[in-house]
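A.B. asks: First residue of the sequence shown: 1, per this note's numbering; consecutive thereafter.
One thing to keep in mind: the hints can contain errors.
[What the hints assert, rightly or not] List time: in silico BS3-like cross-link candidates among lysine-lysine, alpha-carbon distance up to 27 Å: (1) 521 / 510; (2) 728 / 521; (3) 510 / 25; (4) 643 / 521; (5) 510 / 722; (6) 510 / 728; (7) 643 / 653.
[Unchecked claim] Simulated DEER-style distance windows between Cβ atoms: (8) 298 / 766: 17 to 25 Å; (9) 322 / 824: 51 to 59 Å; (10) 296 / 800: 45 to 53 Å; (11) 177 / 296: 17 to 25 Å; (12) 735 / 824: 46 to 54 Å; (13) 722 / 354: 37 to 45 Å; (14) 642 / 177: 22 to 30 Å; (15) 354 / 331: 39 to 47 Å; (16) 109 / 642: 32 to 40 Å; (17) 751 / 122: 44 to 52 Å; (18) 472 / 730: 50 to 58 Å; (19) 679 / 322: 46 to 54 Å; (20) 778 / 337: 28 to 36 Å; (21) 705 / 298: 32 to 40 Å.
Simulated from the structure, these hints should not be mistaken for lab results. Yeah, the Cβ is synthetic: ideal placement off N, Cα and C, and Gly gets one too.
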Amino acid sequence: MTDDFTGLPVGTRLDDQLPGIKFLKYGGMVGGIVVDSVSGHVASFNDAPGCEFCGSGARISFSALQRSVSLHVGLLPVTGVTVQQDLRLTGLDAGGMAVATAIANVTAGTGFDTTLDLAIAEPRIATVVLEAVNDPALLAAIAVRDITFEETTGGQADFFLVGPLGETLVQGGAAADIPVTIMRIGGSSGAIGFTFSQLPAGVTGSVNPNPSLGTGITLHLQADASSMPETRLVVLTGTPTPSAGPAPRSLAMVIATTPKLRIFGPADIDFAGCNPQGAHGSVTRDYWVIRDPSISGPLTVSLEGLPADVSGTADPQTLTFPGGAIGERVTVNINTIAGPTVLDTAVTLRLVGSGIDLPFTVLVHGSCPQQNRNFVIRGQFGYLNANSVEPGVGFQPLIGAQVEFFRYRSDWYDDKVGETSTDDQGRFSLDLYASIDGDYYARLRLFSPEVEVEDADNSSVWSIDTAHQSNSGGLIEVGTIQISRDGGEGTPRAAVWQGFRNAAREFPDKFGEAVPGGFFKVQIWRGHLTPLTWYDEVHWAHGYRTGEFGNPYRATTHEFSHVFRDVLDGPESHWHGDDLLYVYGRGHGSCIAPVTGSANAGFAFHEGWAEFWSNDTTCCPGDESNQDIEGTVAHDLENLAGKLPGNVSDRRKGMLQVLQRGPNLIHSDEEFRREYVSQFPGIPLGNISDGCSGVENRHAYFELDPAWQRENLMPAIRARQKAITGFKQQQRYSTGLRTFMLRAAIEETSVIIQRMNEQLAELDRGGPPERYLKQAPFQRLRRAEFLSMRRAIQVRALRDACAVVPPEQRHEIERRIRLLEESRIEDAALETLLPLPPVAGDDATTPLREDGYK
Numbered sequence: 001m002t003d004d005f006t007g008l009p010v011g012t013r014l015d016d017q018l019p020g021i022k023f024l025k026y027g028g029m030v031g032g033i034v035v036d037s038v039s040g041h042v043a044s045f046n047d048a049p050g051c052e053f054c055g056s057g058a059r060i061s062f063s064a065l066q067r068s069v070s071l072h073v074g075l076l077p078v079t080g081v082t083v084q085q086d087l088r089l090t091g092l093d094a095g096g097m098a099v100a101t102a103i104a105n106v107t108a109g110t111g112f113d114t115t116l117d118l119a120i121a122e123p124r125i126a127t128v129v130l131e132a133v134n135d136p137a138l139l140a141a142i143a144v145r146d147i148t149f150e151e152t153t154g155g156q157a158d159f160f161l162v163g164p165l166g167e168t169l170v171q172g173g174a175a176a177d178i179p180v181t182i183m184r185i186g187g188s189s190g191a192i193g194f195t196f197s198q199l200p201a202g203v204t205g206s207v208n209p210n211p212s213l214g215t216g217i218t219l220h221l222q223a224d225a226s227s228m229p230e231t232r233l234v235v236l237t238g239t240p241t242p243s244a245g246p247a248p249r250s251l252a253m254v255i256a257t258t259p260k261l262r263i264f265g266p267a268d269i270d271f272a273g274c275n276p277q278g279a280h281g282s283v284t285r286d287y288w289v290i291r292d293p294s295i296s297g298p299l300t301v302s303l304e305g306l307p308a309d310v311s312g313t314a315d316p317q318t319l320t321f322p323g324g325a326i327g328e329r330v331t332v333n334i335n336t337i338a339g340p341t342v343l344d345t346a347v348t349l350r351l352v353g354s355g356i357d358l359p360f361t362v363l364v365h366g367s368c369p370q371q372n373r374n375f376v377i378r379g380q381f382g383y384l385n386a387n388s389v390e391p392g393v394g395f396q397p398l399i400g401a402q403v404e405f406f407r408y409r410s411d412w413y414d415d416k417v418g419e420t421s422t423d424d425q426g427r428f429s430l431d432l433y434a435s436i437d438g439d440y441y442a443r444l445r446l447f448s449p450e451v452e453v454e455d456a457d458n459s460s461v462w463s464i465d466t467a468h469q470s471n472s473g474g475l476i477e478v479g480t481i482q483i484s485r486d487g488g489e490g491t492p493r494a495a496v497w498q499g500f501r502n503a504a505r506e507f508p509d510k511f512g513e514a515v516p517g518g519f520f521k522v523q524i525w526r527g528h529l530t531p532l533t534w535y536d537e538v539h540w541a542h543g544y545r546t547g548e549f550g551n552p553y554r555a556t557t558h559e560f561s562h563v564f565r566d567v568l569d570g571p572e573s574h575w576h577g578d579d580l581l582y583v584y585g586r587g588h589g590s591c592i593a594p595v596t597g598s599a600n601a602g603f604a605f606h607e608g609w610a611e612f613w614s615n616d617t618t619c620c621p622g623d624e625s626n627q628d629i630e631g632t633v634a635h636d637l638e639n640l641a642g643k644l645p646g647n648v649s650d651r652r653k654g655m656l657q658v659l660q661r662g663p664n665l666i667h668s669d670e671e672f673r674r675e676y677v678s679q680f681p682g683i684p685l686g687n688i689s690d691g692c693s694g695v696e697n698r699h700a701y702f703e704l705d706p707a708w709q710r711e712n713l714m715p716a717i718r719a720r721q722k723a724i725t726g727f728k729q730q731q732r733y734s735t736g737l738r739t740f741m742l743r744a745a746i747e748e749t750s751v752i753i754q755r756m757n758e759q760l761a762e763l764d765r766g767g768p769p770e771r772y773l774k775q776a777p778f779q780r781l782r783r784a785e786f787l788s789m790r791r792a793i794q795v796r797a798l799r800d801a802c803a804v805v806p807p808e809q810r811h812e813i814e815r816r817i818r819l820l821e822e823s824r825i826e827d828a829a830l831e832t833l834l835p836l837p838p839v840a841g842d843d844a845t846t847p848l849r850e851d852g853y854k
């Protein structure tokens, strides 16, 4: 039979309107739409709303396996350009294997009479893909006049599986039910039995129903709290009976586990840095306890298993997370007799609450020297945001960031001796104790209980070290350190982190409640051109500005609002389904009209909410009632907020309460208005267009220049290569453990360069933002694999070093190996043996004055 598009109105987005076939998204993004041409109605396959660089292509599935398929194809004309292009039609079986191919050369504007024919001996074609061959300029605008295929076939039944790309499970939390669709073709009607590959540690799973006679199953997963968090690629395989299909078909998903509670701080406590008080001495260390939002407290905190002659306290003994805080600080103080050595002892820091009993091991060891004396290390950190964003503002304090302190060791890995956080002036100060003089330094990390900023290439929280200074004078004055980029013209990571932290702090500070989704991560990607939010994780383009003059942190607040809105809407697997429907990752602007492709109520609400929350509202005359336009949605949300009583914070909290009414309720402005009436029944809605006048903003949001990003990425790669050369030179005159530390640094840096080259390849390839979102679950898997590899590199170096270092040094190395392999406390000091040198031309630090604390 032959299907054409004569009976479908112009503008029809193709799905299952034609009998026997279904139009799927090419590359997960590009669909078909009916357009008019000199040959009548044809299907144009470049419909990717708001996506500028998606290209053109078609993916078509059949309700029965096919022996032959034929398409009449052509290229729509491009004004001012002559386009001649090879088009390829590929037939795929249900398992995704190519079984037939046809290629023809087509010239744009010459009609749609070119035929692409596929024919094979047996009916095996489940889907066909039509695409341009080697079209880097993306000029091909592919169109199809008609499709011919067999109306009935005696071929065997078959099926394939469609489901989300991944899911994250909270250990000891609620189970996840992941829907998977069985796409049956060719009269498939029999039972299909399901199995899955190895799940992350501590995860159990089942399939319901199993076997399945229908068109869908649910993968039910539950994670217990006993195992270390893990990320795995899980393969779900369906094995059919003969009436269901000829062979097993599979679906891959990235499944990750995350704990209910995370503890950040030192994995071991050494009495060598004790504060002597007569015959005894004490050591104090701080830990951040960060909770999943499902945990509200209270939690009791206790220390168990202290060795003889050692006592200890945890303060506070009860965690309540006041004001909805995601994290709360616990100060551990342990005391012992000065002089005797405390052998390595695993002390348990235990957290107990409703449905929670989690032990975290801290290794206590060492001797408290009676002659220890104190000294103070202090200073101030701040940043200089891009002059175009905050002109004339100058130095701004970095508030709430983590500061760690280390004693430098030239032949060993450095000793972490304490940590604190910067205050509201960016200042820090800590009393430390030592028995001998040495060189010390402070390390600033862009980390707080709300958010951390890490570089995607090395999966480490971004940090800087201050200069090494001796403690012999009793005071180490770090001074005031300013972080900037390009002499104040660029955007440093510190400004990005501060923007996100400030946005997150609005919840506990102004609303008295926790951030939905809790602690989140911002990754800095050198190969991206615009920020992207993937469910509860932000992928920030390196160097992208935080906002504009007058709204300097608009972009950070915008992306953060995606995080909490998406988490409130449902779990990660639900987000993947919404992304498939609404195509979240694409270029956009407040008043881009439907004719340009941005005609999607789900996408418009997703972006309109972010624009409202980041105080970036506008209205769109001519589209003032069109709920497919994000600016119209933002304008309506601003109007609705203005009707609520109280101050600005009260009104914002009221709008948040509407969003919090339940998962999977709000995907459009109309649905928000429905829930608004239920939340505030006495307040009239008014019209969506109320108060809209003026000139609409038809500009798309800013994107970085690919050439500029490449110019910055290439020197960064060369800087890492230069670091390897430096490490190899040091190896020539190093001995003992230092030799193996350098070897580990070389191996780690080599892997980082490989990841940077992958970012470069993706940057050169180009393409729409949605392509990066589709890769995000697999990037999470790659990150987990990198962290495991980095730890393995370090453990291997330490084990090899044990064979050559003096016997008295082996115990300290063995202790570090034990911490690496067993500790569930997240201690950044254990990440690497040697800190990697900073990348030339990247964020820079400038000392402003020496007495920065005053």
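A.B. asks: All hints are to be evaluated individually against the structure, with a verdict given for each.
C.D. replies: Outcome of the hint check:
no.: 1; hint: 521 / 510; result: holds, 22 Å
no.: 2; hint: 728 / 521; result: violated, 34 Å
no.: 3; hint: 510 / 25; result: violated, 43 Å
no.: 4; hint: 643 / 521; result: violated, 34 Å
no.: 5; hint: 510 / 722; result: violated, 48 Å
no.: 6; hint: 510 / 728; result: violated, 53 Å
no.: 7; hint: 643 / 653; result: holds, 13 Å
no.: 8; hint: 298 / 766: 17 to 25 Å; result: violated, 52 Å
no.: 9; hint: 322 / 824: 51 to 59 Å; result: violated, 25 Å
no.: 10; hint: 296 / 800: 45 to 53 Å; result: holds, 47 Å
no.: 11; hint: 177 / 296: 17 to 25 Å; result: holds, 24 Å
no.: 12; hint: 735 / 824: 46 to 54 Å; result: violated, 34 Å
no.: 13; hint: 722 / 354: 37 to 45 Å; result: violated, 54 Å
no.: 14; hint: 642 / 177: 22 to 30 Å; result: violated, 39 Å
no.: 15; hint: 354 / 331: 39 to 47 Å; result: violated, 24 Å
no.: 16; hint: 109 / 642: 32 to 40 Å; result: violated, 52 Å
no.: 17; hint: 751 / 122: 44 to 52 Å; result: holds, 46 Å
no.: 18; hint: 472 / 730: 50 to 58 Å; result: violated, 27 Å
no.: 19; hint: 679 / 322: 46 to 54 Å; result: violated, 26 Å
no.: 20; hint: 778 / 337: 28 to 36 Å; result: violated, 54 Å
no.: 21; hint: 705 / 298: 32 to 40 Å; result: violated, 52 Å
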